[in-house]
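With chain A held as given, fit chain B onto it using these hints.
So the protein sequences, as listed, match chains A and B. Using this note's numbering, read the first sequence as starting at 3 and increasing by one per residue. Using this note's numbering, read the second sequence as starting at 3 and increasing by one per residue.
Hint data in this document are derived by calculation from the structure and do not stem from the laboratory. Honestly, I wouldn't trust all of these hints.
In this list, chains with the same sequence are indistinguishable; a pair is considered to hold if it fits within one copy or across any two.
[Unchecked claim] Below 25 Å or equal to it, Euclidean Cα-Cα: the simulated SDA-like pairs (lysine to any residue) are:
1) K150 with E220
2) K88 with A110
3) K203 with M270
4) K150 with D187
5) K150 with R222
6) K88 with V99
7) K150 with M137
8) K150 with K203
9) K203 with I249
10) K88 with F45
11) K203 with D189
12) K150 with V201
13) K203 with Q127
14) K88 with L104
15) K203 with H174
16) K88 with E65
17) K150 with R125
Number of protein chains: 2
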Amino acid sequence: MPGEEPHPVYFLSDSTGITAETLGNTLLTQFPASNFARTTVPFIDTVEQAQELVNVIDGQAAEGLTPIVFSTVVGADIRQTLATCKGAMVDLIGTHVGQLELALGEQASGEPGRAHGLGNAVRYQSRMTAVEYAMEHDDGQSLRALEKAQVILVAPSRCGKTPTTMYLALQHGIFAANFPLVDEDFDREGLPAPLRPFVEKCFGLTSNPQRLSQIRTERRRDSAYASLRQCGFELRSAERLYVAHGIPYLNSASVSIEEMAATILQQMHLRD
Amino acid sequence: MPGEEPHPVYFLSDSTGITAETLGNTLLTQFPASNFARTTVPFIDTVEQAQELVNVIDGQAAEGLTPIVFSTVVGADIRQTLATCKGAMVDLIGTHVGQLELALGEQASGEPGRAHGLGNAVRYQSRMTAVEYAMEHDDGQSLRALEKAQVILVAPSRCGKTPTTMYLALQHGIFAANFPLVDEDFDREGLPAPLRPFVEKCFGLTSNPQRLSQIRTERRRDSAYASLRQCGFELRSAERLYVAHGIPYLNSASVSIEEMAATILQQMHLRD
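If we strip away everything but chain A, and leave its shape as in the complex, we get (with noise of 0.2 Å):
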């Protein structure tokens, strides 16, 4: 039954415990009325590390609730340790490996996963860059290079640029650079000059007036720059300016930066 008392659950990694936790987490969404006590553990490599945590795992299913386990366990002996404890064991490599073999016709290496290791050092090292070149070009600080954005992210101060710059540039390796708009963006014609030959490149970021003056009132409360006034100043003109040039643009207040990201990459053709 749902109740007050959390549910143990378990992330169980041969590796760093991000696949394990990101579906784990994703099916734990799917029962709001259910509480949790989350516990990662990543890198386990030895039979007896994993009959601790079985041991663990046992006690805590004796005493009360039944603890959910979610693993991506590779390796065959630490999968069967894990295999005999007395919680609900989910196991993410097992139940689909099979199907895959089948698919593919070929047998599953039965490696440990490094899925988050530097896999493809190519790609692994244009991430990096890419943080690099978002550092460099956050906030408008730099217009050198901005011929080499895959993205620039337009907005006024304080709508996500930042946060979700670098989401694109360490999740997927986009060059992405983000340029503020200001009040003298808005009193004079056309787009900012450093923008013009770059339009195409854009995407607008807005939010709501309300939430906007909330998150720069945490900044500098009672200031002008967080009235209410001023956001929706800012905002209107913002949009205005986004629709006079045909920029793509969405707002904030109500979406989190992975889905921003996921926009972004959709509507400016940046998959890989």
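Only chain B this time, still in chain A's reference frame:
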């Protein structure tokens, strides 16, 4: 049979597609002999869109290799439509939800997932604040509020401090600062002064001289900074400093930022 021709792979989602990509790619790393041509389709929210995808997938299935389809679609009508396709359908939600319903005694909501949406607003906001903190405290730029850091990454230039800091902030909401070690730090006795009050928050990075020299050469060719001799000196000195002050450290040369972050979270006890 594994071969030259790439297997079409689809990651389908009614949300961002992040979960489908993460588990799908983890599973595919088990099949190193096969080639894949990947397509992610996020935000599938109508049966018509689903039917169009089925047509594309069936067209490919008729022509050659069976497409592999990883789906995290939750909505029943879209799932049913996708299930009619002639690809190998790996339903990452449907496969596991029944087991969880039993273990939790709660029925799955069936609502499209927002595992990567705003979710818990407090947690989301703390991630955004952590990104801002990481930007302000990158590369020892600001020594203000170093006491707020949960971890301070310490290393010579180009050992991976910045991207690892950003990853800890973005993905885990960790307040991470980073601090560069330079020649003067090695000449003096003890830790650099700004770090002394916070030695228990420090985590060191090191690298291999060859790897570091290669990375520095990309930035400044033929410089003393990039020379093997200088890189070797800095890395040896940094490691000596870490050992002398009991600072845990790891070598970033052969691990990814995801692996470094997972290790840092574990060793510094920073897991939620």
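These are the hints, each one checked on the structure:
For the identical chains of this complex, K150 and E220 are inter-copy neighbours only, at 17 Å across copies versus 34 Å inside a copy, given an alpha-carbon limit of 25 Å. Proximity of K88 and A110 under a CA criterion of 25 Å is satisfied inter-copy only: 22 Å between copies versus 27 Å inside one chain copy. For the identical chains of this complex, K203 and M270 are intra-copy neighbours only, at 8 Å inside a copy versus 41 Å across copies, given an alpha-carbon limit of 25 Å. In this assembly of identical chains, the alpha carbons of K150 and D187 lie at most 25 Å apart only when taken from the same copy (23 Å versus 36 Å across copies).
For the homomeric pair K150 and R222, the shortest alpha-carbon distance between copies (19 Å) is at most 25 Å, but the shortest distance inside one copy (34 Å) is not. Taking the closest pair of Cα atoms, K88 and V99 come within 25 Å of each other both inside a single copy (23 Å) and across two copies (19 Å). Taking CA atoms no more than 25 Å apart as the test, K150 paired with M137 passes in both settings, with 14 Å inside one copy and 22 Å between copies. Within a single copy, K150 and K203 get their C-alpha atoms as close as 10 Å, which meets the 25 Å cut-off; across copies the closest is 37 Å, which misses it.
Taking identical chains as interchangeable, the C-alpha atoms of K203 and I249 lie at most 25 Å apart only when both belong to the same chain, with a minimum of 9 Å there against 44 Å between chains. Taking CA atoms no more than 25 Å apart as the test, K88 paired with F45 passes inside one copy only; the shortest distance there is 22 Å, against 37 Å between copies. Within a single copy, K203 and D189 get their C-alpha atoms as close as 23 Å, which meets the 25 Å cut-off; across copies the closest is 47 Å, which misses it. Taking the closest pair of Cα atoms, K150 and V201 come within 25 Å of each other only inside a single copy of the chain (13 Å); across copies the shortest separation is 40 Å, beyond that limit.
For a Cα distance limit of 25 Å, the shortest separation of K203 from Q127 inside one copy, 23 Å, qualifies, whereas the shortest one across copies, 28 Å, does not. Taking the shortest alpha-carbon separations for K88 and L104, only the inter-copy value of 14 Å comes in at or below 25 Å, while the best intra-copy value is 30 Å. In this assembly of identical chains, the alpha carbons of K203 and H174 lie at most 25 Å apart only when taken from the same copy (17 Å versus 30 Å across copies). For a Cα distance limit of 25 Å, the shortest separation of K88 from E65 inside one copy, 12 Å, qualifies, whereas the shortest one across copies, 46 Å, does not.
For a Cα distance limit of 25 Å, the shortest separation of K150 from R125 inside one copy, 17 Å, qualifies, whereas the shortest one across copies, 34 Å, does not.
Going through the hint list in order, the structure satisfies each hint without exception.
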